[in-house]
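**Student:** Using the sequences provided together with the hints, build the complete structure.
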Amino acid sequence: MVICYLLLIIFGWLNIYASSYSDESASIFSLDQRSGMQLLWIGVSFAVICLILFVINPRFYFSFTWWFYLAVVVLLIAVLVIGKEVNGSKSWIALGGFRFQPSEFSKITTSLALASIIGKYNFKISNLPDLAKVLVTIFIPMGLIILEPDAGTMMVYCGFVFMLFREGLTGWIISFAFLIILLFVVTLKFDPGTAILVLLGIYGILKGIVDKRVAENILLYGVIITALAFIPRLLSWEPLHKLHELGPHYFILFFSVVTIVVSLIRHKRGNKNYSLRYLALTFACSVLFIFSVQLIFNKVLKEHHRDRIENLLGITQDLKGAGYNVHQSKIAIGSGGLLGKGYLQGTQTKFKFVPEQSTDFIFCTIGEEWGFVGSVGLLIVFFTLIFRIISNAEKHTDRSIRVYGYCVACCLFMHVFINVAMTIGLFPVVGIPLPFISYGGTSFLSFSTLLFIFIRLDLERWK
Amino acid sequence: MEHRNGNKYTILVVGLVTVFLLLVLQLVNLQLIDNTYKINAENNALRYQTRYPVRGLILDRHGKVLVGNTNSYDIIVTPYDVKPFDTLALCQIFSLDPDEVKETFRYYRRYRTRIGYQSRVFLKNVSYSQYSLFIEKKYKFPGFSASPRSIRSYGYNAGGNLLGYVTEADPVFLKKHPEYSPGDYIGKTGLEEVCEATLKGEKGYDIYLRDANNRIQDHYENGEYDKPAIPGENVVSTIDAELQHYGEYLMKNKVGSIVAIEPSTGEILAMVSSPGIDVSLLSDIGANYKTISSDPFKPMYNRAVMSPQPPGSVFKLVNALIGLQEGVITESKEYGCRNGYHAGNLTVGCHTHPSPVDLRESIMMSCNAYYCNVLREILDNPKYENIEHSFTKWREYVQSFGFGTKLGSDFPSEKGGFVPSVETYNRFHGKGRWKSLSVISLSIGQGELGCTPLHLANLAATIANRGYYYIPHIIRDTDSLQIDPKYKERHYTMVDTSYFEPVIEGMHMAVNTRPGKGATATIAAVDSLEICGKTGTAQNPHGDDHSVFICFAPKENPKIAVAVYMENAGFGATWAAPTASLLVEQYLNGGVDPKRKWLEDRIADGFLLDKVPAWKTLQEKLENDDR
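Those protein sequences? They're chains A and B, same order as listed. Counting from 146, one number per residue, gives the positions in the first sequence under the working numbering. Counting from 1065, one number per residue, gives the positions in the second sequence under the working numbering.
Hints were generated in silico from the structure; no laboratory data involved. It cannot be assumed that every hint is accurate.
Calculated pairs, DSSO-like style, for lysine-lysine (alpha carbon to alpha carbon, straight line, at most 27 Å) [unchecked claim]:
no., chain 1, residue 1, chain 2, residue 2
1, B, K1202, B, K1188
2, A, K269, B, K1072
3, B, K1661, B, K1675
4, B, K1495, B, K1447
5, B, K1581, B, K1661
6, A, K265, B, K1072
7, A, K278, B, K1072
8, B, K1661, B, K1623
9, B, K1072, A, K540
10, B, K1201, B, K1147
**Tutor:** Okay, here's the thing in structure tokens:
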């Protein structure tokens, strides 16, 4: 883990220099440069790491968890009042010469708080009061962050759901979330009719799993879906033209509801299966969701989010406006090829085609200058790091340490995934740094702290 | 309460692996498979600035420069960098109207987003003195700069409509030739067009890096990948610059053309079309194009290859040769002439001359009656079933001299001329309703015949070669530019070499007999040059006769064959014959004998423009302009 960490920070530091590099750049150590500043932060982090590793007793964290937690919540409230607005969100507090983002630290404190709640004897997630405690712990900082607003960090908080899953939360929740995201995307990209067909397909597969007759169900629903897919075509037929004004998805909906009801009634005769009822309920909820997607999309989301999502899905193409970042970023990464253009040789990065290059879009610099080999290498390092964290966490008998480990892994994973996916055009653009690589003091310091608290806790195993 | 939940741990790890694989997959797609992003990146950051090559020179047959290059200067402005400046001072340098300059800048401001950091051409082609004045005061005008550009310069004021010109490629041309890009200069008409591929050279480029704001940053890789421009290759033409210049001097203020060919190679020594274009107008054709194209005398129209006219009496040579080959006459055959040819109620007039005449004398005196008889003998030859057969045969003979089709010269826009066929007369008269008398005017080169001066010069060369010709061409074979092998092939006529001698002797007599014996072209005689020639006077319904003369010299081993065609100038002997003889003398002797200086002056000073129809047009135009 420490090796991964060192690799990452050195690589990150070099690339910050590269991303702000231009021909008249000074030395990599110069404090006028971002690389110089980052080096300073690396130094600070090392000091903190030493503190964590050698000075502070691990028990200290769990005894002061709630004080930390409270302090960060206060800071998060403060940031809403006195915060400095950068790029449309109030997430910075300026203190003397330095600025920092309390939301970065909130990840550490929330992780510790969750570890201490779940680590308590007799905690059971299926126990409603216990679940409520967990959710409140997550939602207080998350809610404050949403108010900033900082969509990126908010999504990182969503990542805690994986930790909860490990600790006993049913997998259906995550599956349902994925289903909702899938339907959202399909509805926007195509139309509600298609979304219902997809939903019907998923229903068919799941029902097959429940029935333990997968092939039969897939075949049956495949035929039904194919038949239904012809409805729009049928409706554009001249004699039925009037009906077309109603919208083909209503017809598809009608027939698919009939299908499901019929299949449920047929089942009723045999066994009583609760899962099937849940399935039908899920189906109903999803249909409701499909029909409200447009509403959510247009009313709940902010305009720039809408633009980004539309660009990602290829609904609109605006290479100069909302799509500019991603387009330029894809160009930069794509131009890297297999081996890249060589360190400091990237033309796209050197001439600032990609905005936010040393922070959120630093992956472009890596992709362009180090090529496919470099980018995949970096991903492997991240993967190893996360994998090591969770596998080490698994070895712990102390539940709170395991929970904390999972929290760290979730945070890192969400950051890496969202950041990389957005630069290569798989995820809408949100402001979120690449851990240990992106320029930014707070982010670097907080990730280092987050990681090394776990490393310190992990050492307890050897005692 | 489970401490170890292997199942969920596995699911999470599998999920983790899946997500990372997804990311790697997209990277594979972006970086390894999809090429569009790479290309985009290059367009993004690299800017190719064209280096224009120097265009090749056009040289004459002795290596003298007909067309060279010189610098002209454009004033370039980068509106983004312009700071308030002294408009009046700038206007003074280039003698501009200050209001126009203001208007231009209003335009730049209106389109400032589109122009961005780019430069625009502010003034084109300023003079060297203006340029140096501007350079001196350049510091006063930030944002302005001067850029030299290579333009054409001309060594001789000769061949204005032969050489063609260089101009910016227009959209129509660009569409047809995708290898050119806007702003490129191309050769138009004449040699510039024919030899475009050789002359143009190859463009190079400088590669610059630019940043996201489109600002040029630096030479890419210190110019390692820049490509230098490759200059165009020179073209050597077959033209003799001095001769061409002399021909144009003789032809000034006259409408017509001169073509001179070297018979032993088919190389065109001079090709004059008058009125021509002053070469000084060519280098900046854009500014002068309107003047040139609206001239009623059509200086762009190259009469030498584009104007088919009836050849007149010079065509008698062809008929004589056909008659000899067909065996219907011999060189000693005599016909009488009573001031013309009379058959029934048809009369072809002739001038007064001794009678009867044999073949040689008929050429020497240009007897019309003789050739009426010859043509009738050819067409009414009992060897052929009917006139359609005999006429077709006659036509084949004529065509074997190159008449009626494009000769295939390398000069652009050559016209084929016209030789009538059986169908032509069937259309005129009805099938079977015409006989040799109906087409009798063909015997003396009148009627439905159209030959360009190039055809006539080729005829002179063919006779000089005793029966064959090389396709006349204007580009010389050099190592760098090999000409089509067809220009090195002999094209034989259907007449045997032996029949040419009596005809040539007739032509020799026409020029070199003592005056007073009835020879038509004694004025063209030059001591010791042994010029052989034939006059022609082509009647035309629109005004005075055209004056025609073809000749070659010397009689043995001819070095030059010339055709002169002067529109509406009258007798062949009056204008065309002396012009041709002066040209021959100039070429063979390197100058004109002082004894013939009076003739040279008479020709050069002659003003015949008022005889052509275009004169009237010009006068009307001038009157209109006055009003």
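**Student:** The structure should be examined with respect to each hint, and the outcome stated for every one.
**Tutor:** Okay, the hints, checked on the actual structure:
Pair hint K1202 of chain B plus K1188 of chain B holds up; C-alpha atoms about 17 Å apart against a cutoff of 27 Å. For the suggested pair K269 of chain A and K1072 of chain B, the alpha carbons sit about 16 Å apart, so the restraint of at most 27 Å is met. For the hint pairing K1661 of chain B with K1675 of chain B, the CA-to-CA distance comes to about 25 Å; that is within 27 Å, so the pair holds. Under the criterion of a C-alpha separation no larger than 27 Å, the hint pairing K1495 of chain B with K1447 of chain B is consistent with the structure, at around 20 Å.
As the CA atoms of K1581 of chain B and K1661 of chain B are separated by approximately 25 Å, the hinted pair is consistent with the 27 Å bound. Our distance criterion of 27 Å between C-alpha atoms is met by K265 of chain A and K1072 of chain B, whose separation comes to about 21 Å. The hinted pair formed by K278 of chain A and K1072 of chain B meets the criterion: a straight-line CA distance of about 23 Å does not exceed 27 Å. A C-alpha spacing of about 23 Å is found between K1661 of chain B and K1623 of chain B, which places the hinted pair at or below 27 Å, so the restraint holds.
Of the pairs offered as hints, the one joining K1072 of chain B and K540 of chain A holds, with about 14 Å between alpha carbons and a cut-off of 27 Å not exceeded. Taking the CA atoms of K1201 of chain B and K1147 of chain B, the gap is about 15 Å. The hint holds against a cut of 27 Å.
The structure shown violates none of the earlier numbered hints.
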